[in-house]
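Trainee: Chains A and B, in that order, are what the protein sequence lines are. Under the numbering used here, the first residue of the first sequence carries the number 1, and numbering increases by one thereafter. Under the numbering used here, the first residue of the second sequence carries the number 369, and numbering increases by one thereafter.
Incorrect hints may appear among the rest.
Claimed, not checked - Which residues of chain A face chain B? A few of them, derived with a C-beta cut under 7 Å, are:
1) Ile243
2) Thr294
3) Leu298
4) Lys357
Just so you know, the hints here were simulated from the structure itself, not pulled from any lab data. The structure displayed is predicted, hence computed values, not measured ones. Even glycine gets a Cβ: it sits at the ideal position worked out from N, Cα and C.
There are 2 protein chains.
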Amino acid sequence: MNRREKANMVDNPVRFGIIGCAEIAKKVSRAINLAPNSIIYAIGSRSIEKAQKFATENGLSETVKIYGSYEEVLEDPCVDAVYMPLPTTLHVQWAVLAAQTKKHLLLEKPTALKVADLNQILNACESNGVQFMDGSMWMHHPRTKKMKEMLSDPKLFGQLRLIHSTSTFSETQEFFENNIRVKPDLDALGALGDTSWYCIMAILWAVNYQLPKTVTALPFPTCNSDGVILACGASFQWGEQDIKIATFYCSFLSNVSMDLAVYGSNGSLHLKDFIIPYQENSASFDFSSGAKFTELHLGWNLKPTQVQVASELPQEALMVQEFATLVNSIRSSGCKPDRKWPEISRKTQLVLDAVMKSIELGFKPVDL
Amino acid sequence: MNRREKANMVDNPVRFGIIGCAEIAKKVSRAINLAPNSIIYAIGSRSIEKAQKFATENGLSETVKIYGSYEEVLEDPCVDAVYMPLPTTLHVQWAVLAAQTKKHLLLEKPTALKVADLNQILNACESNGVQFMDGSMWMHHPRTKKMKEMLSDPKLFGQLRLIHSTSTFSETQEFFENNIRVKPDLDALGALGDTSWYCIMAILWAVNYQLPKTVTALPFPTCNSDGVILACGASFQWGEQDIKIATFYCSFLSNVSMDLAVYGSNGSLHLKDFIIPYQENSASFDFSSGAKFTELHLGWNLKPTQVQVASELPQEALMVQEFATLVNSIRSSGCKPDRKWPEISRKTQLVLDAVMKSIELGFKPVDL
Chain A
1 MNRREKANMV DNPVRFGIIG CAEIAKKVSR AINLAPNSII YAIGSRSIEK
51 AQKFATENGL SETVKIYGSY EEVLEDPCVD AVYMPLPTTL HVQWAVLAAQ
101 TKKHLLLEKP TALKVADLNQ ILNACESNGV QFMDGSMWMH HPRTKKMKEM
151 LSDPKLFGQL RLIHSTSTFS ETQEFFENNI RVKPDLDALG ALGDTSWYCI
201 MAILWAVNYQ LPKTVTALPF PTCNSDGVIL ACGASFQWGE QDIKIATFYC
251 SFLSNVSMDL AVYGSNGSLH LKDFIIPYQE NSASFDFSSG AKFTELHLGW
301 NLKPTQVQVA SELPQEALMV QEFATLVNSI RSSGCKPDRK WPEISRKTQL
351 VLDAVMKSIE LGFKPVDL
Chain B
369 MNRREKANMV DNPVRFGIIG CAEIAKKVSR AINLAPNSII YAIGSRSIEK
419 AQKFATENGL SETVKIYGSY EEVLEDPCVD AVYMPLPTTL HVQWAVLAAQ
469 TKKHLLLEKP TALKVADLNQ ILNACESNGV QFMDGSMWMH HPRTKKMKEM
519 LSDPKLFGQL RLIHSTSTFS ETQEFFENNI RVKPDLDALG ALGDTSWYCI
569 MAILWAVNYQ LPKTVTALPF PTCNSDGVIL ACGASFQWGE QDIKIATFYC
619 SFLSNVSMDL AVYGSNGSLH LKDFIIPYQE NSASFDFSSG AKFTELHLGW
669 NLKPTQVQVA SELPQEALMV QEFATLVNSI RSSGCKPDRK WPEISRKTQL
719 VLDAVMKSIE LGFKPVDL
């Protein structure tokens with residue numbers, strides 16, 4: 001389906017302006033093209049050459065507007081929504097401006113350096129009646145919904161006891177010297193912002209977004225010479241009387257891992273690719289329920305079952321589709337923006353802040 | 369192979385006396401029979417009826433001596449070694465006595481309530497020239513050796529970053545009311561002793577038994593009304609300059625899990641049945657090395673490989689065989705007892721003590 005066909009097919013495709021040409025924008029621009037209810041309308045970078053280069057290299061349609069500044073994208077009245085993959089430090093400035101120019105906002109994660117900044121963004125979105133969503137793609141995969149179904153089954157899974165999640169990458173020397181994600185003036189949260197975002201959201205997702213009462217960082221994070229976190233972990237508690245706890249670990253210094261394990265009183269769920277599935281069209285997870293030992297504890301009565309979930313569109317296209325659907329219902333029927341996605345982002349950022357505070361306090365428990 | 373055939377086949381099968389008729393003794397008595405260099409010579413319980421019942425129900429040979437006390441087993445000069453599955457509180461008393469009567473000692477885990485008690489046991493074994501080993505069966509599975517080989521390969525795995533391990537069971541009401549493992553006067557360490565023993569040893573195994581510098585319990589453990597731990601976790605650190613960390617979680621309140629995940633700079637290893645393999649004759653683990661994302665991070669270049677390892681004998685029989693081999697070399701060539709196994713037990717107990725201390729101190733880091 002090309003751009004023109006899509007424009008004909010849906011009444012009102014959401015017209016995206018992309019602000020910034022980060023690596024991740026390549027994947028999301030492909031997703032905007034794949035989603036049935038959105039098109040790329042404009043791309044803006046700090047230089048028009050960079051924007052043009054991005055458009056050419058990513059095969060964007062020749063009708064896409066090329067701008068040499070972020071402002072021009074925001075000023076274009078035909079742009080309905082912006083996708084913003086800027087360095088975290090710049091989010092509050094540009095996201096607030098986007099909301100003020102009535103652009104719906106798909107914002108890369110981490111959404112902000114601290115929850116106070118995110119609150120400014122969310123307030124701007126709310127008062128301007130525009131939709132907010134962060135770029136956590138895995139939340140939109142049908143596998144995520146299927147996992148939730150099984151975790152919610154009291155017989156299959158029972159009561160939640162433990163969640164463990166990792167998000168790690170092994171980065172190159174070049175990354176550690178030049179990447180924005182290890183620069184205190186660009187992405188000051190380092191691995192904590194970039195990779196633990198997923199883990200924290202996954203933990204919140206598993207507990208139906210019930211905020212932990214206490215967040216306790218694990219000693220000792222690894223930092224670079226500028227003090228930016230390269231690896232760290234934390235544990236979450238929901239009160240002394242609540243049995244469940246959670247742990248996560250994030251790192252730029254470890255082989256790729258995207259583990260999520262959820263343990264309940266009757267069952268358990270495991271997957272090793274929760275953030276980016278191994279393959280686009282189908283993803284799986286392991287689920288075990290009612291496992292027991294055989295006589296004399298010589299073995300187990302069962303092994304985990306692999307549950308396969310097909311996906312017609314890649315998860316990032318489903319994210320764009322969901323976002324564009326919400327935008328369209330605001331545009332067509334004057335609905336208020338959906339509050340679920342901003343609230344998930346806000347809670348994730350709140351917990352992330354608490355992890356940072358616990359690190360600063362020498363790994364003391366921080367109350368939320 | 370029956371008992372007589374085995375006695376003929378090997379010059380000097382190690383003659384075991386079993387002290388106590390715990391559930392686990394059924395599995396280990398089968399293992400003693402399966403191992404090619406050991407036989408069950410005697411069984412002792414606090415009542416002769418209980419010992420006789422155990423012998424009958426477990427099909428022990430009619431020539432096995434049945435004793436109505438532990439002392440009689442220790443006093444029998446034909447008993448070379450004792451297997452001791454007594455409640456932890458009784459270990460120091462009976463294990464020291466066993467060593468003093470020159471019986472080699474296969475002791476169930478947790479080895480003691482605290483490392484000072486274990487030191488008494490180990491000193492008694494050393495000064496009496498008898499072999500000590502604890503009952504951690506999984507350490508003797510060929511899979512464990514294969515995993516170590518792969519984790520030691522600097523290209524395949526690289527430097528160690530994170531170890532995560534769980535050992536959980538979902539127990540019945542009957543267990544919580546009556547089992548010795550939740551009674552302060554019998555197994556006062558509860559889940560921390562019974563199940564975290566495996567996790568702590570697995571973590572030490574993964575780091576080649578380098579003791580952590582700091583042990584920090586996770587808030588908040590779940591305890592029964594007697595204060596016995598039913599669920600808890602901890603993290604281990606090897607110093608502020610050492611990137612690697614470890615976490616574990618143990619519980620009597622969660623569905624069965626026996627997870628071990630080891631993450632390195634180049635690879636990672638996962639298995640979900642490290643303590644008791646799903647099946648006796650073959651076990652597996654997942655190993656991944658050099659995983660990267662495909663272009664645009666749309667997927668991964670590879671999935672983990674499942675590595676299968678066959679086992680001719682169950683791991684508990686391999687444990688008995690290894691123990692009996694060490695006993696035989698002491699008996700036949702006057703070797704000193706092997707120091708590797710007692711040292712592994714001692715380090716495990718030392719770390720376990722530190723976890724308990726950190727819990728008592730309100731989850732503060734405890735230096736080792």
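Trainee: Please go over all the hints and tell whether each is borne out by the structure.
Mentor: Now for the hints, and whether the structure bears them out:
Contact between Ile243/A and chain B, as hinted, is supported at the beta carbon level, the nearest pair being about 5 Å apart and thus within 7 Å. Because the closest C-beta pair between Thr294/A and chain B is about 9 Å apart, greater than 7 Å, the hint is violated. Interface hint status for Leu298/A: upheld, as the beta-carbon distance to the closest one in chain B is roughly 6 Å, under 7 Å. Given the 7 Å rule on beta carbons, the hint for Lys357/A is violated: about 15 Å separates it from the nearest Cβ of chain B.
Of the numbered hints stated above, those contradicted by the structure are hints 2, 4, listed in ascending order.
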